[in-house]
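A.B. asks: Protein sequences appear in the order of chains A, B, C, D, E, F and G.
Numbering of the first sequence is given in this note's numbering, commencing with residue 1 and proceeding in unit increments.
Numbering of the second sequence is given in this note's numbering, commencing with residue 1001 and proceeding in unit increments.
Numbering of the third sequence is given in this note's numbering, commencing with residue 2001 and proceeding in unit increments.
Numbering of the fourth sequence is given in this note's numbering, commencing with residue 3001 and proceeding in unit increments.
Numbering of the fifth sequence is given in this note's numbering, commencing with residue 4001 and proceeding in unit increments.
Numbering of the sixth sequence is given in this note's numbering, commencing with residue 5001 and proceeding in unit increments.
Numbering of the seventh sequence is given in this note's numbering, commencing with residue 6001 and proceeding in unit increments.
If you are wondering where the hints come from, they were derived from the structure by calculation, not from laboratory data.
Glycine residues also receive a C-beta, built at the ideal position from the N, C-alpha and C atoms.
Honestly, I wouldn't trust all of these hints.
[Stated by the list, open to error] Straight-line C-alpha distance at most 16 Å; calculated EDC-like pairs for lysine to aspartate or glutamate:
# : chain 1 : residue 1 : chain 2 : residue 2
1 : C       : K2141     : E       : E4137
2 : F       : K5327     : F       : E5128
3 : C       : K2141     : E       : D4136
[Stated by the list, open to error] Some residues of chain F that are not near chain E, with every Cβ distance over 10 Å (derived):
# : residue
4 : L5228
5 : A5265
6 : D5278
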Amino acid sequence: MKLPLVGDAGAIADHGLEGVDHNFVTGKLEDLVKWSRARSCWPATFGLACCAIEMMATGGAHYDLARYGMEVFRASPRQADLMIVAGRVSQKMAPILRRIYDQMMEPKWVISMGVCASSGGMFNNYAIVQGVDQVVPVDVYAPGCPPGPETLMHAILTLHDKITSGEITRRRGETGAGANLTVGQRDGQSSTGVAIRT
Amino acid sequence: METAVFIVCAAIVLAGALGVVLVRNPVHAALSLVGTLFGMAVLFLNLEAHFLAAVQIIVYAGAIVVLFLFVIMLLGVDRLEDLSVEPITGQRALAAIVGLGTFGLAAAFLATSDIGVPGQEALTGPVAGQYSNLRQIADVLFTDYVYAFEATAALLTISVVGAVVMSRRMVRSHDAAEPETAKDD
Amino acid sequence: MSNSVRHVPRDQLVETVAELRDEGYVSVLDVTAVDYLEHPGRTDLPPEVAPERFELVVTLISHAAPGRTRLRVQVPAGDPTVPTLFDLYPGTEALEREVADMFGIVFEGHPDPSRILMPPDWEGHPLRKDFAVGHIPVQFKATR
Amino acid sequence: MVTASWYLILAAGLFTIGAVGLLVRRNPLIMFMCVELMLNAVNLTFITFGRELGDIGGQVSVFFVLVVAAAEVVVGLAIVVAINRRRPRATADDLSVLRG
Amino acid sequence: MGYLRGFAVTLRKLFKGTETGRVVTTQYPDEKRPKPVRFHGRHVLNRYEDGMEKCIGCELCAGVCPARCIYVRGADNPPDDPVSPGERFGYVYEINYLRCIHCDLCVEACPTEAITESKLFEFSFTNRADAIYTKDELVVGDDGRPQQLPWEDWHPGDDEHTSAWVRATSPSGRADYEGQVAWSGELGYGIRPPERGQAADEEGDGPDPDDRGHDGHGGHQ
Amino acid sequence: MSASEVVAAAASDEAVRRRDHSAVLRIGEDDGERLEAEAGAGDTRMIMNMGPQHPSTHGVLRLMLEMEGETVMRSKPVIGYLHTGMEKTAENLTYLQGPTNVTRMDYASPLFSELAFSLATEALLGLEPPPRATWIRMLMCELNRISSHLLFQATNGMDIGAVSMMIYGWREREEALRLLETITGLRMNHNYIRPGGVAADLPDGWRDQVLGLMDALPPRLDEFDTLLTGQPIYRERLQGVGVINSAECLALGVTGPILRSTGYAWDLRRDMPYLAYDHVDFDVVVGTYGDCFDRYAIRLNEIRESIGILAQILDQMPPGDYRVQDKKVTPPPRARIDESMEALIHHFKIFTEGFKVPAGEVYAAVESPRGELGCYMVSDGSSVPYRMHIRGPSFVNLQTLPHLMQGGMVADAVAIISSVDPIMGEVDR
Amino acid sequence: MSAVVGPSVFGLDPLYIGGVGLAEVLITLLKVGAAFALLLMAVMLMIWFERKLISDMQNRIGPNLAGPFGIFQTLADGIKLFFKEDLIPERSDRLVFKLAPFLSLVPAFLVFAVVPVGGDFDGSDGRVSLFGHETFLQVSDPPVGILLVLAMSSVAVYGVMLAGWSSGSKYPLLASVRASAQMVSYEAALGLSLVAVLLKSGSLSTNQIVAEQSMWNWNLWVTWVVPMVVFLIAATAELNRPPFDLVEAEQELVGGFHTEYSSIRFALFFLAEFMNTITMSAIIVTLFLGGPNGPDFTTVGWLSGLLWFFVKLMLFLFAFVWLRATLPRFRYDQLMDLGWKLLIPLSLGWLLVLASYDIAGDRGWNRAAAVIAMLAVMAALAGLLALALRAARQRRELDPQGGFA
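When you get a sec, could you build the whole thing from the sequences and use the hints?
C.D. replies: Okay, here's the thing in structure tokens:
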């Protein structure tokens, strides 16, 4: 069914915003939606280790994530848009992390905060998943151990930029969208490192 | 207008009532009951009983059905009832006969007789008296029926005390007792 | 303030701890173990103690006369079992579970002998010396 | 035009449904709800008649019915809770334990 | 009335002029919190004042790194166009910032003060490859200032002090070596002054005249 | 209660043990759902999983709660979700690199882990760090204790539902962190206290900044008092919740504020002094009832005591070396490298293979904000610890959870977890 | 459409006195539309206001990047939620799950219908002239207005309760059980504190009640403050606002009843919560602070009423945020204790005191003496209650299984 100004209804139902025909009206609408997603990016309360403390400190008065409309830490993954993997992900935690990611609703984003989450950091050993991107697709990596609040904010702003420019959605589109993204081997880790038990 | 309201509400009331009887899930049954009660409340409005319409919602929908739901959730008895088994043979047939009989009798009585329904004309004008509905009820309630009224107060108090005593746990005394009292207002 | 070390045979561990408890050692602070598989040579053991692969280390503290006592128990690799101290000090529960998880030393009589840190289906005991660290190469551009 | 008979027939129907439900269902909670249906049917009758006869007494009676219904539900549900504590999955058939 | 006294506390915060009501937020990215002198940021590879690179490819930094995040390969200096003043230079120098924990052991280990840390900590990557900094990205530019990569957020003044200089030039615990200059000059900056150390302690603590960044500690001035 | 009486109570009190069995839910980690399915529908007890991703479990603690309605009957803490293999990692890092590893255990008070590690190493080496190093360590530890307890105030406020308290706690902690950052260059995980001393001398202007913090904090603490301590709702939430007594604490090996909340004054700083704590004067804060409120009040007042200690440290801070001057342990000053070939060789040796530590085994302990933080270290004579074990106070304290929670409600469970103040990095290591 | 139905359904609004024609229907529709739009705008601003104010109380800035001063923050949240993926959990009861958000939203709006937002009540009954028709500045003024408020607030519990139950998981279910107990309990206190107002006003119509409080003759003073305090506390509990937000206590129950909700359905809950906050504040203003009453300072009569109403509304919205910023959360049993053992007896007792004052006036007795005597009786009863509670607590503590050491 063809809708005026918007495009084919079936395509929209199947692909959401991506299925919308591009013209002036929908273009503006898409911009508006992207703006709102960037401006209202609610993080899940998902703290693991040292980085979680810094993540909370970022919400504190000195840095104030609320300025970006992000003080709404949602305990329920269903309502969260952004998962900040803050800290080292152990082999025991990885399946749970993945489950929580799967519980989040599209569109969703992941920031890998700190080197332990990003690649295992200095804990290059049996217990730690060497990079959370083996478990969930990561959009932005924040370096540091732990990253300072400003580093985290930089990562968040980077993410906002990517959301506004649509780059992430495009990338997801190319590699197999969202949760089904198959993550390649990284950092020399064998792919047998993590067994997802969900 | 009044006819339309009546028809719609009657449909809601009957559908809700059938829902209570036919639905397997107790929570759905309670929701159907709420539907019936709302329909009734509107019918009450149609009959110029404003006060009772509001009280109907406050007491029935706001307290009694909430209490039902509370008990259903508290006890976790929201499992589906197996309606395929008939506990007593012939019970349903009998119930259907009795039900239809009752309804038939009442309907036939109403249709044929002219007693009790002095005017089969439209129910429009206000109930006798120049005061508001609420004022009228209050006048009667606190004069003619004042002893009955006091008796209901006693009844409520006694039932609350009884409920608390009954639902108390034998072993653990201090929890879960309070919520059960949350029902009479 | 004193710190002392006592070497205790495995079968006397419980009695020794009970004695220490009566002497005023109010708490077991720590239960841990060491895997001496790759140790080049142990010089700190008294002659009467035969070195074994595992050594259980129990640290107790006395508050009345402030001091700690460390009990060192040799546990052979072939039979890594030790009686539990849970009945004397319930606070050893988690500590013993950790040792069991990390070293594979079995505590007989422990109320909950399950893994504590590693996932329940994990194979191996990470702190044993023959368990590999699991190091992987770090990613660099020049080593591609 | 809606006449009193309409209301009365509706009440009769409602009462019938409640009565049948009470006879058929075994879940004590649902049986309670059926009782409420029957009470509501009676309330409707009261108000209709009160309206017809121009007597506020009908509404007063409904008021008392409401209060008694509330009391009845309080006690009834307390019994259900108490029984359920002792015998989970009880149906109305099991309530014969209440007999001495 | 304990119930009510708490309300005064929260209400007082509404008066922005007072000390308790002061807004302490730093509005990143428009403004940045001033970083202390010793702040550990991302690394830079320094050059001598004549433009030669300080790194001699000795791999001490790589060896001491607990995260093994530094990869160095030395090579002999080409005699006609030497990169560093010594025999060898860092031919390959990479730091994997998804491993680096900013402990600064590399800075302490470096015998030539070649690697120090800047005050830049505002960077993040959308790509793992970006996180591996190569020597071209780490080494300071011709003006002695760190290079700015697209994903880094440098504010004016961030490049002033490639800090952790203090650890690189640590007197290793000896009080009598404090304040001694025993290091070489640096492209664009010359010889950096040391911290005053315990000398300042005895003189009494005035704020350092050349203001090295500890002015930013909101709330306690 | 004197120590001996407590011992007697602990020895004879079989009730402690009995309650043990009833308070701890002894089922496997994955058994919850199975048991749930097996239980009849009328069984009002249900097994609820709290965590590992739950807003109030402080990271990744998972609790299996057996509940009846809202009442917690038995419970079992399930840990290991943050197991990092730090003890294994320590066996691959030299003594010089060691602090970078241990500092990441208790990330709320990283300096204490570094201190315990350094004290153990120094004990094996037979070294005594110079006095200035000792006093700097004390200064840093007390600052860290303040920031750690402020963190507790924030998270405790958050768990009880006082949103402003959370932000205030973070705000004050940020001030303390900035001071730590000025001194060590990092906000957390400092790698500052090393075997043999500290990594760097105190920076210019440190005294003013410490004084500034000491001036700024007390009025803020009074604010906390108004906002929470004097708040009847808050007291109701915490008083009489999660009660434990001294005998139980000792039997469970509990240390720190939880032990002190029972009225049992035991603080390693006073009773088994390390560093120079015998040269400063401070009170050991104790509670009376052993409930959540006492634990909160102890932490709040320990901040005040720490401020008092800071004042004394400022007065007594000696000049001199801040690292032990042993060529084998401490790298030479930068100025010596150019002068002396020997110094250069030492520099290279220390940074490539580290320093060798005589064979032996040792246990050193400090009073961290959560209790006794011990480091057990075995050396085989090489430059890498043969075995390094940290006795984490949170790990042991966590065992009290089932006992504290029994009979409470879910909301109490949250308050209790908060009052135990576990740092999961140190629990799971 | 018969003229006779009008008054029975639409109450006493002078708009319908002369019969209902097209203009009247249009005006009514306009009022409904305006009220709805107003309420939506108010919710948007309220959420922003709350976030900004709470930030101010915490030395922060709060949302300031979405639009000027971050005023479009709520808009961004709304649009984002609208375009987010929706999910109905597998174990849920689909029908009820979908129904619940609307059950919570509709009563929130309906209550607002009886609030007179403006009008000149100084001497008159607040009618204003709209397009040449006399009407009230409220959507409807039923003769049982206050009962409608009570009815709607008691129906509001369904949304929360059914949302929790239908999600099919444990935390929401616990929240449901909490919600039903909490809201039903506080309903009683809410109703009883209202009775004091009814006693003084002698009417259930909101318009009447406001008209009774012309200028400064507010029910706040007339009922001697206590009923308003009780009402405010009970309303906070009814609204599930902190410190009574046990139903969605994040620290205990993750998200509470809306844990499993996402996307637009969650937004509806969000909307309902704040809409309820606004309508409840409006009700307090109407009942106790004289609604739009206040000195007239504009030339257009009804405008100053609107302004006064808005100012008073802001006062309560501020109070709700202030409560949130300051107080820690109650525990379930404390909440019940507060409701049953303090608020209900207090409002009941206060009612008796007020009644004794009135009766003494009617009978020509000494009013002060009557009130003092009544207060003495109340104090004695309170003492008895306290004694009973203490005895109960002592017995509970002696109970070996009930307490904890």
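A.B. asks: Could you tell me which of the numbered hints above are not met by this structure, giving the numbers in increasing order?
C.D. replies: 4
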